[in-house]
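**Student:** In case you want the letters, here they are:
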Amino acid sequence: MPIAESEIKWIEEPRLGLWEQLYVPALIDGLKTTVGHLFSRKVTEQYPEEEPKLPPNYRGVHRLNRDEKGRVKCVACYMCATACPAHCIDIVAAPAPADWQRDGREKYPETFVIDELRCIYCGMCEEACPVDAIELTTLYDLTGLSREEMVFDKEKLLSVFDQTTAAGTDPIRTRSGRLGPASEPPPE
Amino acid sequence: MPLFDPINTAIVIVALMAGVLGLCGYLTLSERKISAWMQDRLGPNRVGPKGLFQPLADGGKFFLKEEVVPSHVDRIFYLLAPAVAVGTALLALAIVPFGATTPAPDPIPARLTAEGISPLTQFEQQHQAYQQQFNFVLNPGLDIGVLYLFALGSLAVYGVILAGWSANNKYSLLGSLRASAQIVSYEIPLGLSVLGVFLLVGSLNPEKIIAWQTSHGTWLLLLQPLALLLFMTSLYAEDNRLPFDLPEAEQELVGGYHTEYSSLKLGLLLLSEYVHLVTSSFMIAVLFLGGWSLFGLESLIENPTVAAVVKLLVLCGKMVALCVFAQLVRWTIPRFRFDQLMNLAWKVMIPLGLLNLLSVMVVKQLGASLVLLPLFSGLLFIGVGVLSARWQGSVTNPKRKVAKLPPGLPPGVTYAS
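From first to last, the protein sequence lines stand for chains A and B.
Counting in my numbering, the first sequence runs from 1 upward without gaps.
Counting in my numbering, the second sequence runs from 1001 upward without gaps.
Bear in mind the hints are in silico, worked out from the structure with no lab data behind them.
Wrong hints could be hidden among the right ones.
One side of the interface only, derived from the structure: several residues of chain B facing chain A at Cβ under 7 angstroms [claimed, not checked]: (1) D1040; (2) R1041; (3) P1044; (4) P1119; (5) L1120; (6) T1332; (7) F1376; (8) V1386; (9) S1388; (10) A1389; (11) W1391; (12) V1395.
Lysine-lysine pairs mimicking DSSO-like chemistry, simulated, CA-CA at most 27 angstroms apart [to be verified]: (13) K69/A - K154/A; (14) K53/A - K42/A; (15) K1050/B - K32/A; (16) K69/A - K53/A; (17) K1401/B - K53/A; (18) K1061/B - K1050/B; (19) K32/A - K107/A; (20) K1404/B - K9/A; (21) K69/A - K9/A; (22) K69/A - K32/A; (23) K42/A - K1050/B; (24) K1401/B - K9/A.
Listed below are several chain A residues computed to face chain B (Cβ distance under 8 angstroms; list not exhaustive) [to be verified]: (25) I3; (26) E5; (27) L16; (28) T34; (29) V35; (30) V131.
Just so you know, even glycine gets a beta-carbon here, dropped at the ideal spot from N, CA and C.
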């Protein structure tokens, strides 16, 4: 679609007066700005010494939440593994132990493995989870010496939960295992 | 100190070179720090306290980097270019005063007798007094002085041209072509602007120029402000410093003339630019800011050793301040376009320099008061501003005509519906 002539606005650049044509005043004006910034507060964060304060909805390393009794909250429904675009979640489900069954838990994950190198940290597993069991935390400094080390199993993911809960850096969805304001209310 | 003493000279050479090269290292640090501070960052601060050993790390890195000589270069000139660049830059330091100086006594006409002393004995007394003085110059009493500096400044472009041409690379060649055009153009206002100073002082010798300023109790900055502006601008252009760093404009030319260089050869090319900056800052301080004088305060000190140290510090302090100013300007003004660069030199600075020279000539010829000189400078400056505001930059920045197309589609053009 060509642009109609009536919609074209012809603009002329502003005409410079004597003050601007002298050039030196403009230069001094620029120097005032830059020299002012010389002494202003710096925004640099000294990373290894100063940790950045990340927003609680940051998408870092995953964690598996525990319920009130310290059991893994996951019900092994495979929703996260289905939603995952990178296919990095591997779950093996098993019937839940008898005392868990009394609380209405039928299944639980026997193994729950996330390949942190394959993950793209999109947060879709978190969105898919019906029981708010998997979450992304604000941990970002994830390193390892081998590929095997970066494949996180259930214990490792639960320990991330313990670690972040102890540090008080819970994600926005849940606070210390309880449902946060952002999560949906449980069905009546 | 007119007698040549090899040991003394060697000591001065070593001290001067060490000082200037060390300063150049720290100028790279200050450049990075200033740019960081201006952008609200902290700058390099990991090597040593507050990053003070950063230049050592940088220098060490230049030594340890792999030295690549591409197969397509003209080997001889490629290897020669950094040496030429650094050599000419360092040679220019030979006449630069860096502390207290005493000019050689003027010759005395034989017929004049002052208080019964014969001219010959008077002359010999003056010379004996002169030989007692220590001059903080590598080559004191050189009467061509500043001319030598300009000659070496023109030679310095050889380093850039050789580097760009021998690298056999389009970006390098473009960079060196720009450098040659730029330096040829800016040599003229550079020389023209200080001709007025030479006319006023009557000498090209930097020691005499300082002595003239101290004896007249004024800095040439106050008498020739316009000349200082032109001189400083052309010096930045000669040193390839921003806003005139087109020879190495990295956004356009990768690295400009040093694209193909690596390791210490690149380090030498970069070093030569900082040596140029130091030399030109010294020259601005000597020619316009009264050299080692500081409003007559330095003459209050009785002890000659302390006085010499103070004068050294004053002149070097002025030089460092000018270097820092150049860096402030670098991170403030964006780069000129090439046609703007050429227009500025040929259509603004050369006419201004000529008119400024004319005003000095008129004042000297009519024997008028020197107070008129800054007035003339101001008049010229404002006058040029008025003219360019009147002409709307049509002289310095001619516009091409914009052809407005008639409304509707041009013939033969159809749009997919």
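**Student:** Each hint: holds or not?
**Tutor:** These are the hints, each one checked on the structure:
Annotation: interface hint on D1040/B holds; nearest CB of chain A at approximately 5 angstroms, less than 7 angstroms. With a least beta-carbon distance of about 5 angstroms to chain A, the hint placing R1041/B at the interface is held under the 7 angstroms criterion. For P1044/B, the suggested interface contact is broken, since its CB lies about 11 angstroms from the closest CB of chain A, more than 7 angstroms. Because the beta carbon of P1119/B sits about 50 angstroms from the nearest beta carbon in chain A, more than 7 angstroms, this interface hint is broken.
Against a cut-off of 7 angstroms between C-beta atoms, the interface hint on L1120/B is violated, since the closest Cβ of chain A lies about 53 angstroms away. With a cut of 7 angstroms, the hint placing T1332/B at the interface with chain A holds, because the nearest CB-to-CB distance is about 5 angstroms. Proximity of F1376/B to chain A is violated relative to the hint, the smallest CB-CB distance being about 17 angstroms (cut-off 7 angstroms). About 6 angstroms separates the beta-carbon of V1386/B from the nearest beta-carbon of chain A, less than 7 angstroms, and the hint is met.
The closest approach between the C-beta of S1388/B and any C-beta of chain A is roughly 4 angstroms, which is under the 7 angstroms cut-off, so the hint is satisfied. The interface hint given for A1389/B holds, since its Cβ lies 4 angstroms from the closest Cβ of chain A, which is under the 7 angstroms cut-off. This hint is violated: W1391/B has a C-beta 9 angstroms from the nearest C-beta of chain A, more than the 7 angstroms allowed. Interface hint status for V1395/B: violated, as the beta-carbon distance to the closest one in chain A is roughly 11 angstroms, over 7 angstroms.
With a C-alpha separation of about 17 angstroms, the suggested pair K69/A and K154/A falls inside the 27 angstroms cut-off, and the hint holds. Of the supplied pair hints, the one linking K53/A and K42/A holds, its CA atoms being roughly 16 angstroms apart against a limit of 27 angstroms. For the given pair, K1050/B sits about 26 angstroms from K32/A by alpha-carbon distance, which is consistent with the 27 angstroms threshold. Of the supplied pair hints, the one linking K69/A and K53/A is violated, its CA atoms being roughly 30 angstroms apart against a limit of 27 angstroms.
For the proposed pair K1401/B and K53/A, the alpha carbon gap of about 55 angstroms is over 27 angstroms, so the pair is violated. For the given pair, K1061/B sits about 19 angstroms from K1050/B by alpha-carbon distance, which is consistent with the 27 angstroms threshold. Under the criterion of a C-alpha separation no larger than 27 angstroms, the hint pairing K32/A with K107/A is inconsistent with the structure, at around 68 angstroms. Restraint check for K1404/B and K9/A: the C-alpha separation of about 12 angstroms stays at or below 27 angstroms, so the hint holds.
A threshold of 27 angstroms between alpha carbons decides the hint, and for K69/A with K9/A the separation of about 69 angstroms lies outside it, so the pair is violated. Annotation: proposed proximity of K69/A to K32/A is violated, straight-line Cα distance about 63 angstroms (limit 27 angstroms). With a C-alpha separation of about 15 angstroms, the suggested pairing of K42/A with K1050/B holds against the 27 angstroms cut-off. Of the pairs offered as hints, the one joining K1401/B and K9/A holds, with about 18 angstroms between alpha carbons and a cut-off of 27 angstroms not exceeded.
Contact between I3/A and chain B, as hinted, is not supported at the beta carbon level, the nearest pair being about 10 angstroms apart and thus beyond 8 angstroms. The beta carbon of E5/A is positioned within 8 angstroms of a beta carbon in chain B (closest approach about 4 angstroms), and the interface hint is therefore held. Contact between L16/A and chain B, as hinted, is supported at the beta carbon level, the nearest pair being about 7 angstroms apart and thus within 8 angstroms. A distance limit of 8 angstroms between C-beta atoms decides the matter here; for T34/A the minimum to chain B is near 5 angstroms, and the interface restraint holds.
Residue-level restraint check for V35/A holds (minimum Cβ-Cβ distance to chain B is 7 angstroms; threshold 8 angstroms). Look at V131/A: its Cβ only gets to about 45 angstroms from chain B, farther than 8 angstroms, so that hint breaks.
Of the hints listed earlier, those the structure fails to meet are numbers 3, 4, 5, 7, 11, 12, 16, 17, 19, 21, 22, 25 and 30, in rising order.
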